Amino acid sequence: SVRCLSSTRNQSAKKSRATLGNSNARNVVLVEGVRTPFLMSGTQYKNLMPHDLQREAIKGLLKRTGIPKDKLEYVVIGTVIQEGKTSNIAREAALGAGISDKTPAHTVTQACISSNQAMTTGFNMIASGQMDTVVAGGVDFMSDVPIRFNRKMRSLMLQMNKVTNLPYFSKVKFVKHILSNLRLQLPAIAEFSTDEVMGHSADRLAAAFGISRLAQDEYATRSHTLAKKATEEGKLSDVLEYKVPEPVTSDNGIRITPMEKMAKMRAAFVKPHGTITAANSSFLSDGASAVLLMEEKKAKAMGLKPKAYLRNYTYMSQEPKDQLLLGPAYTTPTVLEKAGLTLNDIDVVEYHEAFAGQILANLAAMESDYFAQKHMNRPGKVGAPSMDKFNLWGGSLSIGHPFGATGCRLVTTCANRLKAEDGTYALLAACAAGG
Amino acid sequence: MNTLSKELMEEFEEVFNEIQRNKAVKGAVLISSKPGSFVAGADIDMLKNAGGEAETTELSKNGQNLFNALEKSKKPFVAAINGVALGGGLELTLACQYRIATTDKSTNLGVPEVMLGLLPGAGGTQRLPHLVGVASALDMALTGKMIKPKKAKKMGLVHHLVEPLGIFLALFYPFLHKIYINFPQTITIPKVISYLLKFGAFEKNFFNKMIKGKVMKQTNGLFPAPLLIADVIREGVINGAEAGYKAEAEGFGKLSQTNESKSLIGLYDGQTHCKKNRFGNPAKPANSNLIIIIRNIAVLGAGLMGAGIVQVSIDKGYNVVLKDSFSPGLARGQEQIYKGFNTASKKKKMTTFERDAIMAKLDATLSYDALRNADMVIEAVFEDIDIKHKVVKETEAVIPEHCIFASNTSALPIGDIAKASKRPEKVIGMHYFSPVDKMQLLEIITTDTTSKDTVASAVQVGLKQGKLVIVVKDGPGFYTTRLLAPTLSEVIRMLQEGVGPQKIDKLATSFGFPVGIATLLDEVGIDVAVHVSEYLGGVFGERFAGGNVQVLKDLVARRKTGKGVYMYSDAKSKNRPVNDTATQIFKSFELEPVEAVSSDSDIQLRLISRFVNEAVMSLQEGILDNPLEGDIGAVFGLGFPPHLGGPFRYVDLHGAAPLVENMRRFEAAYGAAFTPCPLLLEHAKDSSKKFHS
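If you read the sequences in order, they're chains A and B. The number in the working numbering is simply the position in the first sequence, starting from 1, with 300 added. The number in the working numbering is simply the position in the second sequence, starting from 1, with 3 added.
Hints may be right or wrong, so weigh each one.
As the list claims (entries may be wrong) - Derived CB-CB ranges, DEER-like: (1) A/572 with B/271: 47 to 55 Å; (2) B/355 with A/478: 21 to 29 Å; (3) B/346 with A/528: 38 to 46 Å; (4) B/586 with A/472: 34 to 42 Å; (5) B/348 with A/478: 23 to 31 Å; (6) A/490 with B/284: 35 to 43 Å; (7) A/472 with B/332: 55 to 63 Å; (8) A/478 with B/109: 39 to 47 Å.
As the list claims (entries may be wrong) - Straight-line C-alpha distance at most 25 Å; calculated PhoX-like pairs for lysine-lysine: (9) B/455 with B/441; (10) B/29 with A/621; (11) A/452 with B/351.
Hint data in this document are derived by calculation from the structure and do not stem from the laboratory. Predicted, not measured: the structure shown is a model, and the values here were computed from it. Think of the CB as a built atom: it goes at the ideal place given N, C-alpha and C, for glycine as much as any other residue.
Bound conformation, chain B alone:
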């Protein structure tokens, strides 16, 4: 990936000045020698090391000045964009006189700074409104969305599109230059300026009510960046370029110092970390000269999870056998997979031909015979240790020696499953999240006997499937499920205390959870929640205490289709009524709320503190390898509020001491469930101790 680093900017300035001086040069083309990437944005490390507000403001000003000089250049500069042009990369092209983009799939344009809690700080907020209009500029800057080439042309973001040359690009590179440089003569610059905004009343209504109102509604006001971006764009549109650029640089400096930006950049680092295989490539087995490369995957069980795993696997080129024991279940799974790709083809994300070619990689079967050529088996059968043992034995009777056996269990210890195996070094956990095609996280679980090659292969598969991969040690509930259990337990206690599910959901979402925790209970499945609560409660004892599991059991017993905590009679309706039966059950297990710890903010803290405490404990016990993966697992697997950056970033930025203080209050009311773990106490005692360096 190309990024705008300090060195590159200096070099660019040098070359730029040379071009201005040299009379033989009539114009210049900015083009990347890396096929899939134009410029992916500013160098994140440069931002992190920039220092305080004054320094980052200065950084923004330098970028602005350089790009302003570029914009004013008498000699034309053409940006030839193939691959991503994001953030500072796109801002660079915006300052060029002409922009030409290829229609290649890899070509994407956008200003995603808002996702890092920042704003486009090199003129983006000022140039975009002039090029694409205020509405589209706001849309791009507030959402950070990627713009595809054809849309970019329509919007006026680029002047011209060219077809990629396909496979020959590298060979005939010189010709590409020729093609690009011949283009600009026929280009006219589109000027889209919104005249309406000159009228005061409209302007106020537009920015304050429409735009900011929308932002508030979608973010609950938890992110400062979008609000400030709206202000900065408004400043340029209403008060002119000079004021606009000033506001942009200052805004950039200000945002760079916020906890939200630090959290989001932390998540970005975490994502980068989780897209690499820290176990390296699988080594050659001692008794063979062949490196095992996984090409053929078999998935056992065609349920929601199994089919989802198949979908993300055939999509990335794996040959997949989907095995189920029952023909109707198998057909349902195939339909789910087909639907995924068919929808993509209807949305023109792929052709029907590509859809069919991908589907041809699937072999759906009722027989174990098809597992003969499998390099990896992933089981997604019913969560019952006896069934899992049966499946291990039946599978191992057929699969080749080198084949890995992975279990997609969400709570059963992998070590227990491996007891039925003849080759426990090949057994591993691969815990996917539902819906598999949407949820980015994959939690890989290793036992003491899992071989390093097995881990390396499993991570490799996960990465190829497009997942963020965290690797944790085996233990009850691994990492993610273990965090979820005490949180759900606390929710049940709240329900018993008479806090309505809707209120719990509202408090959770306003704290930054993407899904309300009461709703999450329904989504996880109440029967699954019972299973997990009973099992983990039994293992971990009173630290996992809270609500009465019997509440859930009664709910399961009296459950009907479409009913959980809420009623889901109308799939499209946004207002789901609370299930009356559920309310009755909560009533019958009524608990007296403890006034001192039942304020809205305490309810939020009770949820978050048990979650965070369990996360820190997982690190302390060595379940987690490092806090970075802990943060990624919590945010991408469990929906921990992203603006807090994950449990570890949260403790780093908001302090362990105040958290411990609050937990002590809750401990006094409810006991051991809220006792802070030793590692958290250490951090509370010494505020210089941080999880992240």
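Extracted from the complex, chain A is given alone in its bound form:
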């Protein structure tokens, strides 16, 4: 039930350590990454549409890099909850951003790693020589979601065209029929395959790994504290200003809640004894992100200065009931092996924080010999990344998590942290619904 992407990159020639490049392959580089501020849903963005956010992210990206609009060859965007009017949201956002109408665009979806999927799609296009310049991004907008009539009602409405010639009595009956079926459906929040809500699964996962409520609350506080600090120190340079028209300049979900107050929060899913609360989970958010991916030589020829190389990625799936959120534990050792690195070589680690309990469970799984032997078919534990390198500028718990937008935020944060911390290699991982 979990898909996960990890990607290692190294900063260009700055250090003497290997760049992991291969002389036969084309190098894919991240030129720049930006995002709109991530806002709690129902706040300042609430009257917008999702493609508005994505459009502004792309515009901001173009402005910051200065790349001519006609040089872009492809746009690929990830999203989860689709707005019916803009089902290929990539195209609508690209056109709105003033990118040439000759530039094709498509939309991908893979739950919380939708923009990871957008980036690896772009990566493949460039690495295989099909394209040189691709914009990847992602957006989700929880202030407005498609709410549908139920199936019976929808089918009645589709029949509606045919009933105009009916006698009066039948029409009355028809309307009555319709009224009796006026029940609405919200977008599915439960896993389709297991019918279990993700928070519920996360709660069971936390319990299974013995992650206490206190540990989760402490981790959530860490995330908020680090995000606040990074924001205040101006480290989150990927954040654009968004004019709603009133200007929004920073994320609005970061808040440090006193521990006593957190301890009083009620369980959000497994009631009343669950350990997952609103305070130690990521919240519903609105936001969009975008990155510019290019072939290295082309970028340099255009006078652009790449931030990082993109080197390796992997996706892995697990059983969707009990292992829904364990993607990072599985993918981290796999992608490191692909790159020929160990955790010790990595300077920057960014994991997507769906729930504090989920992060801590993943770390516990990576520290468990039993888990490695029983479920990962490995001789012993793979080891968890050091907290000194881990999500140092906050994470999804504090910054926010517009599902489709998070992947690009993680990649950009990795690149910016590598620079700020003078590192060489970064690794990111995320879990996703669906298994």
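With chain A's structure known, arrange chain B on it following the hints.
Chain B alone, transformed into the frame defined by chain A:
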């Protein structure tokens, strides 16, 4: 499975006393270290070896006393239930101060003692009414039904539900303890007491008319346990705990001595026996290092049986190819399979996702090519030896060397089918019963040439499909069909003698058959009955004589859809009229009834004695390996009255001598059909001889 054995009870008492003494202990959690089982009930062997009524009453009293002490404990006891808590296991939890259950699929709560002809003898009949109300307590104790966790919470049977932790349970066990022990503080005990029962008139009406009336209607009064359970529950509700506990212990002692309980416990033993593979695991073939594990099954013929076999196979993880020669038949079979799982998903027994994942294991095809990877082929094509031979040859041209060929024939000798085979050691019979997804029995038939590995594999498949498996030797009609034939033959004789089908059905059901024997004739299919009667009659001669087969042949010839002995025009109607055409046919073959053997009880005995005699004969001839499987085959395949425990248990408990005596009377009237077989005569001569030890 955890069971409450004598040793365990003693150990429990010891630990319990220690907990009471030790001041450092504030409370205790009862939890099983076996993931799928809390406590499955009392140890059956302990019950069997307990002795007479006084001893079993004492056994019940001991259990009551221990659990009463537990109930009165000042330190709280929490029952943490994951897996089954049944019978004494549930009664143990009822005495605890708190009960917490996981919502795992394996978690089931119930008091199934009634199915063993007993009652919940460790306080269950007394505590349940207080916890869940009299009506639900009666429902649970009288039917023995399993209660799922969510329902249990709703009823007040458990205080709290927790989600299972899934795969990590074994690893992080210590944490589970922590979670459980933190719970009780927030629990309040629900008190559901039915005040209405305090009023005399209502009480009488409720227990005597409503409850007992229902029991009588459903059991025909053949089972003493449910009636007594109602009395014992009433005693506690009306006259208080002391009287209730006394009645419970005495009732337990009394019921333990009944033939019905012994029969039902015998069936329980038989079921346990038939859920094991007495042939062990298939061995490595001499010429290879690989153990053949059956993963891919192919079923030939998409009829009712074929589709049913597919259904129980894909459900248990087998990849199945369903092959038929005609596209409409194949589509019908697929629809039948899908319907089975779709109904389950509608009833929330599985998700639609699970349904789709199971259906993905089915490959429906018109071509033999798909059999290339089959490890086992089960044919369910038309019952005709030439067609079977053709199918054997066509199949063997495609299947791999190791593949087993199983036939789902109900009467054709497997040895005859194997004559067309190049590898008769791989040929075996797997006789399923209709409807396959509901009927528990699988009769496996081996020939002299069938290899041991083939048998072992076939049993393994049957067990995985969830069947009770009996293994018998090849012969005309094997075991089950052979028992059915003389019984049906006797029914035809009765019909000719002018006993109406409705009367025959009523006499059969009041004797304990779940389905009337005349109705059974329709259900088996009259054409099948003709086929079986003619064939087995030809082989066994006058012992299978009785009614005139021509009666059935005429019925087949003049049959119309929806008509057999009865008319089935309205599927929902309970009252089926007798088919007039059938009545005319019976009239035209009229026989003069023999007055001396035509009383109601004689009619019942005539049916049962031919059945039992044929069963004993099957054992005598070595068709059956042991009487336990004989009993299981008769009860679960043919509907032999369960309270009699099967033909062999029946002879053991009710005596061979009186049976033989009656058979001699019938023999005088009708001849060789009723001649008792030598083995039965031996048992009649020496009453110390028993089929079951």
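Verification of the hints:
| no. | hint | verdict |
| --- | --- | --- |
| 1 | A/572 with B/271: 47 to 55 Å | violated, 41 Å |
| 2 | B/355 with A/478: 21 to 29 Å | holds, 27 Å |
| 3 | B/346 with A/528: 38 to 46 Å | violated, 55 Å |
| 4 | B/586 with A/472: 34 to 42 Å | violated, 54 Å |
| 5 | B/348 with A/478: 23 to 31 Å | holds, 28 Å |
| 6 | A/490 with B/284: 35 to 43 Å | holds, 41 Å |
| 7 | A/472 with B/332: 55 to 63 Å | violated, 47 Å |
| 8 | A/478 with B/109: 39 to 47 Å | holds, 45 Å |
| 9 | B/455 with B/441 | violated, 29 Å |
| 10 | B/29 with A/621 | violated, 36 Å |
| 11 | A/452 with B/351 | holds, 21 Å |
Checked against the numbered hints listed earlier, the structure breaks hints 1, 3, 4, 7, 9 and 10; every other hint is satisfied.
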